[in-house]
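Participant: Chain by chain, the residues run as shown.
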Amino acid sequence: MSLIYNWMYYIASGGLILIGMYIILVKTNLIKIIIGLNFIDTGVNILLVCIGYVKGRTAPIFSTSRINPTNVVDPVPQALVLTAIVIGVAVLALALSIAIKVYEHNKTLNVTKIRGLKW
Amino acid sequence: MQLITILVVSFLGAGIVYLTGKFSGRVRDISAVLVSLAVVILVGLAYNQKIYTNFYSLPFLNLSLSLRLNYLSWFFAIIVAGIGFLSILFSLEYIKDYQGVGFYYFMMLFVNAGMLGIVLSADFLSFYIFWEMMSWGTYLLISYKGGKAVAAGLKYIIMSVAGSLAMLFAIVSLYASYGTLKFSSLASLLQIASPGYILFLLLMFVVGFGVKNAIWTLHTWLPDAHAEAVSPFSAVLTGVLVRMGMYGFLLIMYSIVGLSLLHKLGYGLLNFNYILCWIGAITIVIPTFTALLQNDSKRLLAWHGIGQGGYMVLGIGVATSLGIAGGILHTLNYAVCGALLFFVVGAIEHRTGGVRDLNELGGLIKRMPVTFIAGLAGISGLIGVPLTNSFVSKWMIYKTLIMENYPFLAFAAFIGTWGTILSVYKFLHNIFLGQLPEKYKDVKEVPLTMQIPMILLSLAIILFGILPGIPLKVISGIEKSFGVEPLSTTMFGMPKEIGELNLINILAVLLVAGIVVYLIFSLSAKSRRVNQDDNYAAGLFVPRGKYQYSARFYDQAYRIIGPYLHDVVDDFYYWLVGKSKSSFQIVRQIYTGNINTYALYILLFLTLLIFVKLGWGL
Amino acid sequence: MIFQLILIFIMIILAVAAVIFKDLINAVVACAAVSLITSILFYFLQAPDVAMAEAAIGAGLTTAIFIIAIRKTERHEKEK
Amino acid sequence: MRTRKIISIIILLILAGGFILTFSQIPFGKDKINVAHYYISKGIEETGAVNIVTSVVLNYRGFDTLGEVTVLFIAAIGLGAVLFTEKRVQKHASKSKDDKTKKASLILRTGSNLLFPLILLFGAYIFVHGHLTPGGGFQGGAVIASGFLLMYLAFPKQSINKKSLSVVESLSGLIFVGIGLFGLIFSGYFLSNFLPKGIPNTLFSAGIIPIIYIAVGFKVGFELTSVIDDLLGRGK
Amino acid sequence: MVNPSLLIGLPLAFAFSIPLFGLISKKIEKYIPIIALFINMVISFMLIPQILKKPIVVSIGGWSPPFCINLVVGPLGILLATLISGIGFLVSIYAVSYIKEEPTEKYHILFLLLMVGAIGIVLTGDIFNLFVFFEILCISSYALVAYYKDKEGTEAAMKYLIQGSVGSSFILIGVALLYGFFGTLNMADIASRITSANPTYLFITLAFLITGFGIEAAIFPLNAWLPDAHSSAPSSISAILSGIAIKTGVYGVARMVYTIFNANSILLFIAFLGLLTLLIGEMCAFRQDDIKRLLAYSSIGQIGLIIFALGIATSLGVFASLFQIVSHALAKALLFLAAGYMIYRVGSKSIASLNGLGKKMPLTSFAFTIGSFSLIGLPPFAGFVSKLSIVYAAMQVKKPVFLAFIAIALIATIIEAGYFFKIVQNLYFKEGKNLDKITESSGYILIPIAILAILIIVIGVHPQFITGLLKASARELLERAGYIGWVLGGT
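As given, the protein sequences belong to chains A, B, C, D and E, one line each in that order.
Here the first sequence stands for residues 0 to 118, where the numbers follow numbering that gives the first Met the number 0.
Here the second sequence stands for residues 0 to 617, where the numbers follow numbering that gives the first Met the number 0.
Here the third sequence stands for residues 0 to 79, where the numbers follow numbering that gives the first Met the number 0.
Here the fourth sequence stands for residues 0 to 235, where the numbers follow numbering that gives the first Met the number 0.
Here the fifth sequence stands for residues 0 to 490, where the numbers follow numbering that gives the first Met the number 0.
Be aware that one or more of the hints could be misleading.
To be verified - If you want a taste of the chain E side facing chain D, the calculated C-beta under 8 Å gives, among others:
#1 A12
#2 P65
#3 F66
#4 Y146
#5 I203
In case anyone wonders, no lab produced these hints; they're calculated from the structure.
For clarity, every value in this text was computed on a predicted model and none was experimentally measured.
Glycine included, every Cβ here is placed at the ideal spot set by N, Cα and C.
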């Protein structure tokens, strides 16, 4: 049981990252590729948070004064993930706007057809 | 007298000329002539002084650029300055109606300054800096006229960049292994180097200088460059710039590696010098005979430039004191003759509106007598007729070949001269002799500023022909600096022990023969001057066409030896460029434009990195 | 612990479904579901701040932006 | 297409192998806290914020959040630049759209009228109590943005005055950087907490944190709204 | 004593204030980036003498280094910051009259924030902060590449965005794994603890980070985005991307390999990668007929040379690569600015259309010639000294493999000489069609081009100006103990 417990979240984050990469490698639809990017971001966020998780400890908020400082989860990865999520949204919004413009010009979202610039 | 002043005067002079050009043409022409004259005087004053100055230091590479003056550098410096001055003088009239004349004068003086820098530099870094500045300056000047000159310029710069990069490779390997680039210290350090390393260095330098001196396999840029460049610059190009390669050979083979070490390179017949002689011999024969077949006057002279370069390489390849002296003297002689002939062609081009095709011209002797005399002096100099300067140098080269008993090389040299005589006769005959076509009826003689350089150079040919002692004294000084036992020479030729050459006797004999011929000629029946076309042709209308048969002079010869003399080396280079172009096309297709493929490249790179470590790491 | 395992299993299934769906709206919905489950997982990993952020931004706004973009372009992923 | 799938699967397997190898070195759930001990133990009295994550986000690693806000600002501006259409094209587009966009259903309109102020209130609550309860500028901003999104859905023709949006955005950004520069002037360190810490667990504690989080809340809220507005292409 | 955090704080404040200035009057926006970057340049010039004596470590927020984000302003940092501010200042002058496309206010904000991102990357001492500034740089360059909103621009931006965000995710994975291993984010802290982890697994983290930064640094297989992005972006942006953005990627790779991971075994592999990039870049550049695409490929080639020099682990090798970074940044920015304005005047990007511009736009073509001669490495220009030091650094290593590498690098230079000389000839010695209405570029365009050309000649003739700073930064990169000492030893 402890083996599954230890590896459960890593499987989740690794799985999401690999699925995201698979989409980018194989799928030809532009929106599908952007979804793939979103998956990779989510996967990395899960990885970051579960690196900071310590078994049997609570969230790092001392609203009630009785929590002694030692049994609290690591706050730093959570701070990093906050930033990473918002960066993910920013890139996503920009990607979709550029995808809209690409669709306006090429009338297709199929990546194999959008090949004006090569060689 | 500081060496740096020579360089500063020439470089700043170029700048000043360009700036004055912005205001008025007259001032610019005068200042250009004055600057080049000043350079000639400055170099002349610095005759036999031994100077060595550090003028700039690069602490981060702990190197310092330095200049030095000895006989070798002075000898080449005076040629550079002299021919540079004469070509500036010649181009005053010639360039008047081109556009971008300010750029032309700036570049001419800049290239001259670069050459002076090469000749005066005392360490390989400043040598390389000035060398590169000269190369790209020449590139801009060759393609100055536009049209076909652009392709010629590109061909030149690619080969010269390839050559100079090979040289850079050797220079930096020298610096990496010895920590210094000064010629003097390198000369002593290289004595203890392994023969293999010296051979590698020599190979690299030969490639670098060979491209510039147009030895046989690296010569393909020269005909196009000379044919397309502006005539005054072609004179500088063939006379002096190409001879920088010669200066490089002398520098690396004798003042740095030294004669004794050269003999130890290679075993028996296969040593470095012998191969160089054979390259020289081939460079004499093949280009001279391709010159025979050319119809364009400039191209013909260009091929001769390569041929004569072969004599020089042959001369210094033999590595005897007579041979080296012959090679160096021939450098001077050909510089004079080559420049003179290009001035002649330039004069004709100037007067006949740019016509260079030998079949069109003819009979200009009546219209342009001074140019004819200069042309006659030039071609006799090229052939090596007695009483001209290259008779002395060719005589020395033949003598040393025979004394060192290289029969085949001597035979190649003779054939070379024979080919030169044939093609040069075609050059003179088609341009000056024969019947004057109508369209050149009103051709006048070239203006004075173009005649002076021609006259001066013709006098120089004759002067050095009769009194070879003047240049030979300097050359014996050069040989002393090489450590070769110097040639004992008299003012008029060679003393008895090396085989009598006394030009005064030859002069006396020829004078006597000349007077006798003149007497016979003037006492004989008075010949009546007859106009060409007032002969009686039984009432038929006499066509005004050319009676001259000189068109397509060596047609039969062309049919026989033409196919063999097809420039196979040039085709090889074009084939090489074509092959690399197609391979670049394949490489270009890596970027397919498909985003999935690009993502595939990224992940492939990542997995490659992981594999490289896992492979090595575990 | 079992509940988290089930959630992760559902999340992986939803992710694979998002890859397979041809209709982009379904794929986006699957993606929203994945980020919703992620926010619940963050709750289990004792990271409430991140859970709220992921819920509000990941599930809420990302889905909206995706749907707006799909409305402006094509809805179905045409194979060739 | 087949070969591409096979190659990518092989690559992904190798990457999975790499992940497994590396994750085996980072045991899940073990106490790997190293630098964070300082934040946990001295977090409260140094920054006065009860929510340690907020104190890390704003004080100890405030530079990241400043960068983060800049990233969002760039995204909004970049979106505006990419989706920018000249004025005349926009008027023409909005005129032609008038007839066919039917009004939203009654339930949606009244529901959203009712809910909108509540959502704004909830969003404001989140980022005002950033240093006390979980949540903060980003989460509150996102909630406000979803509120505006709801209004956009309910009223297809209306849109927010872009000019005021950009003013609020840049003002709140300036407040954040201004506080940073003030910190530099007062106590020699960029973004240092120069205001009094107050009593932990009360509203007005933790120096500059609530002020910055209010500014960030407004900024994120309005920026995401302008992103949605640009994407919908209704901006006046 | 000027506080280096102003280098990032001030331009950020200016960037946020541009929309407010926009309300007052539309014309002011064009000049704000100039003011901001001019102040940055002045600050960094004032800091140089002080930093040569003792590097400054500035903590953000007032806590002692490992517990907060700190800016490590060593010789390498200040060198690149000065280069970025300088070139940014010049390009912002160029952009005043070059950018006429409609939302100019948004262009200037994005441009200024791109500069902030670049300076932030170079100065920060914390890997997550490095990732955030890297994101700022990337996102603003995505938006700016798509600025013209034409068919090419959007497609190029799309491809650049996808590859860039894949790269950023790899960097984030790398940062997460590093935090997992060592529990700290401060570069010096990680560098001091690097030996405590198992080197094999650590290498996978290094692989992720190198791939992430390598995409921005345009190493061979990862640079598919560069030709499209640089050729379809506005010229002032491609000048910044080629001149500065790639260099920050190279700085990232160098920081990871030298300072943090101390991975000397991979340096030979990086040298080989650099050589491969050089060859491929030059080969592709030879066959282009679109001038900006050609310049983009030649950037790939030059970056290959820089990375190759970086791979030579000796102090002279790193010195040579930094010198090449400076000389390439100047020359490439000059080339893109000059080519951009020529295209703007002539109307088409093809090289054939540039024929005969030498007479109509003499100063711009003269500057273009200087830039291209400096890139080829001809003597009186800066490119010669840097290429000479690279060749010397490679030779000094005495390993036969480096001799072969440098021989191939010189052959690549011949290819590069091939296409640059062809363009110079087109400019001067070929007749152009319908060039009558073209006049010389206006004031705002000429100032940056002239200053860049003068800088190239001055550094070429007298390299001592920057060699002192270059030697110190090479030492900083190589002696990681020194770097750790600055940050952790004493504040």
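Participant: Now look at each hint and say whether the structure bears it out.
Facilitator: Going through the hints against the structure:
no., hint, verdict
1, A12, "holds, 5 Å"
2, P65, "holds, 6 Å"
3, F66, "holds, 5 Å"
4, Y146, "holds, 6 Å"
5, I203, "holds, 5 Å"
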